[in-house]
Each structure stands twice: as C-alpha cells, then as structure tokens.
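Let chain A serve as the given structure and place chain B on it in line with the hints.
Number of protein chains: 2
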Amino acid sequence: MRPSKLASLPTIKRLPSYLHVIENAEREGAEFISGTVIADELELEPIQVRKDLAITGIVGKPRIGFPVQELIDAIYSFLHWDQDHKAVIIGAGSLATALMGYPEFTRRGLSIVAAFDADEKKVGREIYQKPVYAMESLGDRIEALGARIAILTVPSAVAQAAAEQVIAAGVTSIWNFTNVKLKVPSGIIVQKEDLSSGYAVLSVKIRKLHGE
Amino acid sequence: MRPSKLASLPTIKRLPSYLHVIENAEREGAEFISGTVIADELELEPIQVRKDLAITGIVGKPRIGFPVQELIDAIYSFLHWDQDHKAVIIGAGSLATALMGYPEFTRRGLSIVAAFDADEKKVGREIYQKPVYAMESLGDRIEALGARIAILTVPSAVAQAAAEQVIAAGVTSIWNFTNVKLKVPSGIIVQKEDLSSGYAVLSVKIRKLHGE
Numbered sequence: 002m003r004p005s006k007l008a009s010l011p012t013i014k015r016l017p018s019y020l021h022v023i024e025n026a027e028r029e030g031a032e033f034i035s036g037t038v039i040a041d042e043l044e045l046e047p048i049q050v051r052k053d054l055a056i057t058g059i060v061g062k063p064r065i066g067f068p069v070q071e072l073i074d075a076i077y078s079f080l081h082w083d084q085d086h087k088a089v090i091i092g093a094g095s096l097a098t099a100l101m102g103y104p105e106f107t108r109r110g111l112s113i114v115a116a117f118d119a120d121e122k123k124v125g126r127e128i129y130q131k132p133v134y135a136m137e138s139l140g141d142r143i144e145a146l147g148a149r150i151a152i153l154t155v156p157s158a159v160a161q162a163a164a165e166q167v168i169a170a171g172v173t174s175i176w177n178f179t180n181v182k183l184k185v186p187s188g189i190i191v192q193k194e195d196l197s198s199g200y201a202v203l204s205v206k207i208r209k210l211h212g213e
Numbered sequence: 002m003r004p005s006k007l008a009s010l011p012t013i014k015r016l017p018s019y020l021h022v023i024e025n026a027e028r029e030g031a032e033f034i035s036g037t038v039i040a041d042e043l044e045l046e047p048i049q050v051r052k053d054l055a056i057t058g059i060v061g062k063p064r065i066g067f068p069v070q071e072l073i074d075a076i077y078s079f080l081h082w083d084q085d086h087k088a089v090i091i092g093a094g095s096l097a098t099a100l101m102g103y104p105e106f107t108r109r110g111l112s113i114v115a116a117f118d119a120d121e122k123k124v125g126r127e128i129y130q131k132p133v134y135a136m137e138s139l140g141d142r143i144e145a146l147g148a149r150i151a152i153l154t155v156p157s158a159v160a161q162a163a164a165e166q167v168i169a170a171g172v173t174s175i176w177n178f179t180n181v182k183l184k185v186p187s188g189i190i191v192q193k194e195d196l197s198s199g200y201a202v203l204s205v206k207i208r209k210l211h212g213e
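Going down the list, the sequences are from chains A and B. With our numbering applied, the first sequence covers 2 to 213. With our numbering applied, the second sequence covers 2 to 213.
Chain A with its partners taken away, still in its complex shape (with noise of 0.2 Å):
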C-alpha cells in the first residue's frame, strides 16, 4: 500500500512542541499567546508558527496573538489527542518501559494497556501497574483490551513476524520503533520512528558550532 502524503508532516511534527509552549503560557495564566513568542520559544521563524498553526482553523489577532484556550483545544481536536487511544506495547524491554512511563502520552490520549513479550520470564510482570502477557495470548487478548494500536520494540529480527501477529490480532496502526521497514497490507498504519533523526540535527549542529 501507498499511502495518501500528509503534505503538512513537518507541521504535525512541531504542533506538539507548539501545544507544549501553548500549555505552559496557559499555566502562567496567559489568555493570549503571539506567533512571536512561540517561535523564539521554539527558535522557529513567526512566520512559520503562524502559517503552522493555521491548520488548526484558529487565527491570530494582530498584536495580541492567538487565544490560548481555543488554541490548546484546537490542537487537541486537529490530532484527535481529545480521544482516548488504547495501544499495546510489543516487546516489554527498556525501550517499552520508558515509553510506558512517559508521562506525556497519558495526557495526549494514549493509553498503552498491557505489554506482550515471548520472554515466559517477563511474563506475568507489571511496568507501571500494566500486566505483561505471553505474545502466544495476543490474538485472544487484544479485542477485550480494545486496543488498536500497538507500538513494536521487538528485536529487528522478529518485526514482521510481530507486525503480522499483531494484525492478524485486530490492530490497524503500528507505531514502529524497529529499524525494519515493515510489509503490511493495505489500510494498515504505519509510523516508523527513528531516533537517529534527532541525532541527525545534533551531528550538523555541532559541526557548525566548530566552524567547519
């Protein structure tokens, strides 16, 4: 499958760093926030700020910016994060944990329910008071746990056989933090992550600190 482009992914990519921003104005008790202050926040250009939160429908005010509480909310609303997503985890390793203790998620609608590993020793486990099952279970498990997303930090080498499990499962989105770029059938999400792209922007970032 090709799936349709999402001709604004570098913008969907920063909204959350936006919201980040947006909240804390909100905490300090701000009723309005300017595309001016979010892009030094961010070291973005404004314009980039404001031609990015356009997407959400909201426009700002010329000198006094953009209402944050109808900006959180449409952010929230644009990336569906005002709805509850369940999600399992495959692969109950460091990778899972620390995703599973990330705070952030919570808030933005993603709940990771259990964990699966074919490990018999972490089976039977809990990672943050969520219980640890048998990947053999998943097929029987996933639909009373309602989830539809499961997130894969398998070895490599069990990606695919993990992605047609959990698709054979019920699940229709995979947020994939293996190196594998996996073969699924048509209407099934995807979305690889790759942590050496941050590592990408530090790499350039420090050679130009150097001068070279």
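Treat the hints with care, as some may be off.
Each pair may be met inside one copy or between any two copies, as identical chains are not told apart.
[Unchecked claim] Here are the simulated DSBU-like pairs of lysine-lysine, each with C-alpha atoms no more than 30 Å apart in a straight line:
hint, residue 1, residue 2
1, K206, K184
2, K131, K62
3, K209, K87
4, K123, K209
5, K182, K87
Worth flagging that the hints you see were computed from the coordinates, not collected in a lab. Computed from a prediction, not measured in an experiment: that's the story for all the values here.
Quick look at chain B alone, frame taken from chain A:
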C-alpha cells in the same frame, strides 16, 4: 543564546532514513540507486528526495541514479558520522538503557561511554558493559571520559540542574529527552527530542484512515 537556524532541518532529519535505504541497497550489491526507488521506499516524492540529497553534494545521473558508495560516504561526511562522538548519559533509567542498547548509534559514530545517576542503588552497575557512576563524580570524570555530549534522560524536575552540572563539567552539547526547555549559556548546543512528534503523525494518519 539564539542558535543560527538550520534552514534544512527537515532534510537533515530525513537523511538517516535515506541512509538506511541506501545501505540496504549496498548490502544487496547495488552500485546505483535511483531517487524514485528511495522515494517509493520511504513514501516521499522523488523531487523531495533529489532536493534533499543535493545537500550532500552528490548528484544523481539520469536513468542510472546515485552512486551508492559515494552517497553513503557523503551522508556520513555531511553528518560528521565518520567521526567518533563520545557521550555520557545522565539518568540511568529505562530510556537510558534503551538508548545505550540502540545498535544504530554505534554504527553512526555515537559512543555512549558511561551513565550517571543520583540513585546510589544504580551506581556501580553496568548497562551494556558501560559503567554507571555517581552524579557527584561527574565533574571529575567527564574530562577523562572525553565526552562532549550529554544525553539527558532525568526526570523533568531535575533536568535544569543536571544540564548545569554537565555544562560546568565541560559538556558542550546536550541531547535533551526531557520535557524541559533548558536555559543554557551561549555556545552550548541543545537538541530537544520529543517522542510526541511521532505520536502526532500517527494520530493524524489514524484520523485520515477513519475518513474524518
């Protein structure tokens, strides 16, 4: 400090995924790879791929494509991944463990040589054969370790204090996995990582799948 903007930030972020595809082609013995093949593999537009790869100075030949080995070398060189980057990780929790075990980093020149933690129960342990040292010993150890990069995975409440400690110890670049916008002196590089970015893209893809 307001660092100079990297005009081509989205391009830089895409380079690791290009590298991944091109290295796969290399392993399969390909001498050339076309921009269209790369674009298909990554679900991008071919024009985008050619524009992005131009940053490395390598130009594809019509009908033949890019020379695989030259392109790999050029990406490594552009990102300075052909050089060794030593880093320490601050906060020896599950995210630190996941990052220390991430095989891609080593191949990309990033060596995480030690972890530091304030919890004395963790001090003296090893994570992937790397020592966990006491946070108090940071100042004495950083220089001997030769690390100029600190990866911050501490709880938000202590992030700013940890940043100040690593900077005082001689670190010049911080890869910040916390939610905190760090205040750092001029000349210090901070790259903030936000796992919510990928989740935002996933959420929008799910919304589109459901036709909303």
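Comparing the hints with the structure gives:
1. Taking the shortest Cα distances, K206 and K184 sit within 30 Å of each other only across copies (17 Å), while inside one copy they are farther apart (34 Å).
2. In this assembly of identical chains, the alpha carbons of K131 and K62 never lie at most 30 Å apart, being 45 Å within a copy and 53 Å across copies at closest.
3. For the homomeric pair K209 and K87, the shortest alpha-carbon distance between copies (17 Å) is at most 30 Å, but the shortest distance inside one copy (42 Å) is not.
4. For the identical chains of this complex, K123 and K209 are neighbours neither inside a copy (45 Å) nor across copies (36 Å), given an alpha-carbon limit of 30 Å.
5. In this assembly of identical chains, K182 and K87 lie within 30 Å of each other by CA distance both inside one copy and across copies; the values are 23 Å within and 29 Å between.
Going through the hint list in order, the structure does not satisfy hints 2 and 4.
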